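S.K.: The chain contents come next:
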Amino acid sequence: MSVSVQEADFDVGVETNALSAGRLDVGAVATFVGLVRADKLSGEGSEVSAMTLEHYPGMTEKSLETIVAEATTRWRLQGVRVIHRFGRLMPGDRIVFVGVASAHRGDAFAACEFVMDYLKTRAPFWKKEDTPEGGRWVDARDADDSAAARWEE
Amino acid sequence: MSVSVQEADFDVGVETNALSAGRLDVGAVATFVGLVRADKLSGEGSEVSAMTLEHYPGMTEKSLETIVAEATTRWRLQGVRVIHRFGRLMPGDRIVFVGVASAHRGDAFAACEFVMDYLKTRAPFWKKEDTPEGGRWVDARDADDSAAARWEE
Amino acid sequence: MSVKVLYFASLRETLGYSHETLTLPAAVATLGDLRSHLAKRGGVWESLGEGRNVRAAINQEMVGPEVAVADRDEVAFFPPVTGG
Amino acid sequence: MSVKVLYFASLRETLGYSHETLTLPAAVATLGDLRSHLAKRGGVWESLGEGRNVRAAINQEMVGPEVAVADRDEVAFFPPVTGG
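For the record, the sequence lines run as chains A, B, C and D. Residue numbers for the first sequence follow this note's numbering, beginning at 17 and rising by one. Residue numbers for the second sequence follow this note's numbering, beginning at 17 and rising by one. Residue numbers for the third sequence follow this note's numbering, beginning at 11 and rising by one. Residue numbers for the fourth sequence follow this note's numbering, beginning at 11 and rising by one.
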């Protein structure tokens, strides 16, 4: 179980493989990579040329660790890895990695999606997009609240 | 959209990154890697020392392509990659890779899990495990039928 | 009518055949008919009998017992799949 | 009672402050009290007023307005998060 908040990019292959390396009891590794899209606001005609991710140092790591700990109480997991970047990112850049190892795929998929849903609503990161009209803070999405609420039952 | 059935191993990082490489409209990549577990039948006290995956050449590719096509009608996807190995595999070896790229994480997660659930019940692969008591064909699991049935609603 | 029949996995081992080419009597019209026809060989072939957990494909597509078999079809019998 | 207050993202830009250290009057007992206390500064500080979509944390844990504020606490105000 390991959490990193960093400016640097990460290596998806290295991180995914590390979740099962040297183990014979992992049957399933589910991962998620989130990336910066250029067409975020294409409905409104503004292309995103760059993005800056602000965070709350200290709290970010704590909140991610709390989310991971919660996942490990809900499912049988053999490994969880979360990496979230901050700072200036360009379209196509990786933002976040979540990887989960388990004996069975059901647990791996559910826990991976759970961590992403909780991260989206509970980890203190904020995105500001550069567009031709200037910088614009991204609004929180109701869909993210609904996604997180699914796990509350 | 691309399907491979092969004896050779695959590179998880290369495959995952290829799903978003050179694109600015992919916001989410969900992947799944299935691996050979040594403790498959640990409840019955038999460790698995190796496994042979038999398949139905020709039909395997067709069935995976049908499953991928079905996924692309259900969700908005920008890329799907499926790799399934056959032949002799050892504990810890990778068996299967499913990767899905989409604008949004909900579509990527759902489609990735859907492809795995359908693959488990519809793609003509059969596992035979080597144990201290000899070779043993793996029984189909009711849990896999239930997992696939979830998508029928 | 002549068809190619393939057997896979545990069924292949039980029957001792991976494939055969069969000329079918006129009474065999559907996949279900073909399966009963084969089961009537007796002995290990009863593994194909009614109630046994056997899946089948015609021309590499999984289908049910009601589907018609045509000349030169590739028919396959196998146990429930266990890949992934 | 003295607390450190942090502001993030659009709220930080609106207020023009990233942090400040405050000595609180005795009437300010909870996070909700602190928020109203700050909003009463008027002008841009009304961004912290009732009905505004502002989240808060005490000592780096997200909490509700009913939670008590203690001496030397680190309190943070910020908009709904948008990471991931």
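Hints in this document: simulated from the structure, not taken from any laboratory. Fair warning: this is a prediction, and the values are worked out from it, not measured in the lab. Possibly wrong hints are sitting among the right ones.
Said to hold, decoys possible - Computed cross-link-like contacts, SDA-like style, restricted to lysine to any residue with a CA-CA straight-line distance of at most 25 Å:
1) C/K50 to C/L32
2) B/K144 to C/A78
3) A/K144 to D/V64
4) D/K14 to A/R138
5) B/K78 to B/G150
6) B/K144 to C/D81
7) B/K78 to C/S28
8) D/K14 to D/I68
9) B/K78 to C/W55
10) A/K144 to D/E76
11) B/K78 to C/D81
12) D/K14 to A/G122
As the list claims (entries may be wrong) - Now the in silico label distances, taken between C-beta atoms and shown as ranges:
13) C/S46 to B/M106: 39 to 49 Å
14) C/R62 to B/E23: 25 to 35 Å
15) B/R90 to A/E86: 42 to 52 Å
16) A/E81 to C/A49: 57 to 67 Å
17) D/H47 to B/R90: 47 to 57 Å
18) B/A66 to C/R82: 37 to 47 Å
19) B/S162 to A/R104: 42 to 52 Å
20) B/M17 to A/D109: 17 to 27 Å
21) B/P73 to A/S65: 24 to 34 Å
22) C/H47 to A/A34: 30 to 40 Å
23) A/R157 to B/R90: 33 to 43 Å
24) B/T68 to A/H120: 17 to 27 Å
Claimed, not checked - Not everything, but these chain A residues come out facing chain D in the computed CB check (under 7 Å):
25) M17
26) V30
27) G50
28) A66
29) E70
30) Y72
31) R110
32) V112
33) L135
34) A139
35) F141
36) R152
37) W153
Even glycine gets a Cβ: it sits at the ideal position worked out from N, Cα and C.
S.K.: Any hints from earlier that this structure breaks? Give me their numbers in increasing order, please.
M.R.: Of the numbered hints given earlier, those the structure breaks are 2, 5, 6, 9, 10, 12, 15, 21, 22, 23, 25, 26, 28, 31, 36, listed in rising order.
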